[in-house]
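J.: Now for the letters of each chain:
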Amino acid sequence: MTRPLAAFALFASLLSPLAASADNLPQRWVSAGGSLSEWVVELGGEGKLVGVDTTSQHPASLQKLPSIGYQRQLAAEGILALRPEVLLGTEEMGPPPVLAQLAAAGVKVEALPADADLQVLHGNLKRIGVLLGDEARAESVFAAYQARLKEQADWVARAQAETRAPTVLLLLGHAGSSPMAGGKDTAAAWLIERAGGRNLTTHDGYKALSTEALLALDPEVVIFADRRLGGDEARQALLKQNPALASTRAGKEGRLVAIDPTLLVGGLGPRIPAGLAELSAAFYPGRTPLEPATP
Amino acid sequence: MKAVISPRSLFIALGLLLALALWLSLALGPVGLPLGDTLRAALRLAGLPLAADGLQQAELILGQIRMPRTLLGLAVGAVLALCGVAMQGLFRNPLADPGLIGVSGGAALGAAVAIVGGAALGGLPELFAPYLLSLCAFLGGLVVTALVYRLGRRNGQTSVTTMLLAGIALNALAFACIGLFTYLADDATLRTLTFWNLGSLNGASYARLWPLLLVTLGVALWLPRRAQALNALLLGESEARHLGVAVERLKRELVFCTALGVGAAVAAAGMIGFIGLVVPHLVRLLVGPDHRVLLPASALAGASLLLLADLFARLILSPAELPIGIVTALIGAPFFLYLLLRGRT
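Chains Z and R are the protein sequences, given in the same order.
Residue 23 in my numbering sits at position 23 of the first sequence, and the numbers go up by one each step.
Residue 1151 in my numbering sits at position 151 of the second sequence, and the numbers go up by one each step.
If you're looking for bench data, these hints aren't it; they were derived computationally from the structure.
Note that the coordinates shown come from a computational prediction; the quantities given were computed from them, not determined experimentally.
Don't be surprised by glycine CBs; every beta carbon is placed ideally from N, CA and C.
Everything hinted at is true.
Derived contacts from chain Z toward chain R, CB cut-off under 7 Å, selection only: (1) G51; (2) P66; (3) S67; (4) I68; (5) G69; (6) R72; (7) Q73; (8) E77; (9) I79; (10) L80; (11) L82; (12) E92; (13) Q101; (14) G205.
Below, in silico cross-link-like pairs of lysine to any residue (SDA-like), each with a Cα-Cα straight-line distance of 20 Å or less: (15) Z/K207 / R/R1191; (16) Z/K184 / R/A1119; (17) Z/K207 / R/L1180; (18) Z/K240 / Z/I259; (19) Z/K207 / Z/A244; (20) Z/K252 / Z/L215; (21) Z/K108 / R/Q1057; (22) Z/K184 / R/A1188; (23) Z/K252 / Z/R235; (24) Z/K207 / R/L1193; (25) Z/K48 / Z/G133; (26) Z/K184 / R/Y1183; (27) Z/K108 / R/L1060; (28) Z/K207 / R/A1188; (29) Z/K252 / Z/Q241; (30) Z/K48 / Z/K64; (31) Z/K252 / Z/N242; (32) Z/K252 / Z/E212; (33) Z/K64 / Z/T54; (34) Z/K207 / R/D1187; (35) Z/K108 / R/Q1064; (36) Z/K64 / Z/T262; (37) Z/K207 / R/A1120; (38) Z/K207 / R/Y1183; (39) Z/K240 / Z/V257; (40) Z/K207 / R/A1119.
The task is simple: from the sequences and hints, build the whole structure.
T.: The structure is reproduced here in structure tokens:
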């Protein structure tokens, strides 16, 4: 199936006026990193993706591509079967012997850092831009993203000048078992802080929280990320499994906010600003929320 | 137990099966190579001066990916099956498994220490990390087995029953410690640990292959020399002693071979269950309990079965792949149940 497609792509690229500059650009991409895949799509490279890993769930159209499995357990021959020119992923990608085998087979292995940091993101976007042959677009997308986060930070600063920051817990649920709370070094804490809340946990990583600890912390807002259920259904399930939650301030005032759990993995993705604005609106219900970004 | 087929026909059948498994393992994979290319690339890799035109990809896939993977499967399958025979001989119980004396639990603990500890130390140099994991797994298996063996010894005698119980206790202890590391691990580390526990022949390279090949060769040459002694041990310990077998030495050798062999296999490919249990049992059903036949036949059958399981693991979900431990357990567990229930009627 892929051979005629590739032949067609080659033919089309020869016809296009950009052929001269596009000649050396990789045309077949495999992406092994959720937010990197999102950025490739954002920068107009979706048509070049021929395979993605299991963390690449957004946009939904990526789920139709062949799955190369989990980013740390890549299989050399499986990926080679997709005949990629580039393997894009985070530094977590592995195992190292497989990456070496892929590089030996002529695949350009691009392992980019995944830290939640604007400088890192800028570097990553530039790199993807170069590989896509559209650096200008990468720069403008980054500038817009940066401006958007700045707007968010200003909004939070104004809100906090007038109102006390609400105390927040982020619970990661696997419907049916006791929820895990995001600790102080996690993406959860990062999101809460940027959205203007105060994370209540003192532990590292995601740890199961006992009922008593939950009552003692008494959060004003609870963010929950459930992989299976969404919206009201999940809210009901969460209260049902954790009756104690209902007697916290968040439970009494109904301040339970759902977010997409995929926002918590893979560093700064394109959906972060919108997610932050949503959280901020829930943290400071009296204020006019930030307008959604206009792409 | 009566033999179903003669040893000679069994060896011919198993030889053919292994040849078939080896060929399939080299010829099939997610990348569809034309048969002619595979053949020519294989001949070129074997040193024949054929023209190289258009063979770069085939040669790379065959030489750098499928060949090390096939050799790894061959060695792991053979050594796990051989150690299975050694354990079933030592415990005089056809349901014994190399895990009994704590090798697997210890190796898993060593791996957990390496994975979680390595991540906590801020990550080791990229090149060194995989070796640390293998080394820790190997040493973990060796240390726990040595402990089980020590606990089984009293007054210069090794009590197999005490060893069995000590093995159960130490396995429980090892898994409790692994649980502790699991609790301490972050999400990414946790997934690495989970996948390691399911085993995989993925990413095999020559550099990491040769220690296992040496150990496998050693075990495969040594154990058959003790086949007669193992046969005598089947009659019982005192009977074997009366027949002139140095029983204590034999036990020590069997434990040592198993710790070394399973430790090296687990270090190279992660935890792969049921080969050590099911293969010797299967072979015994076919040719009877004579260790002179049982040992080499199990090695052949173990290697063939593991190669075929790996073939399944790498083709079924392509371009991703299934951890091989899942495949062997999916085949092994129902077979084990069949053996249990069959004995009842």
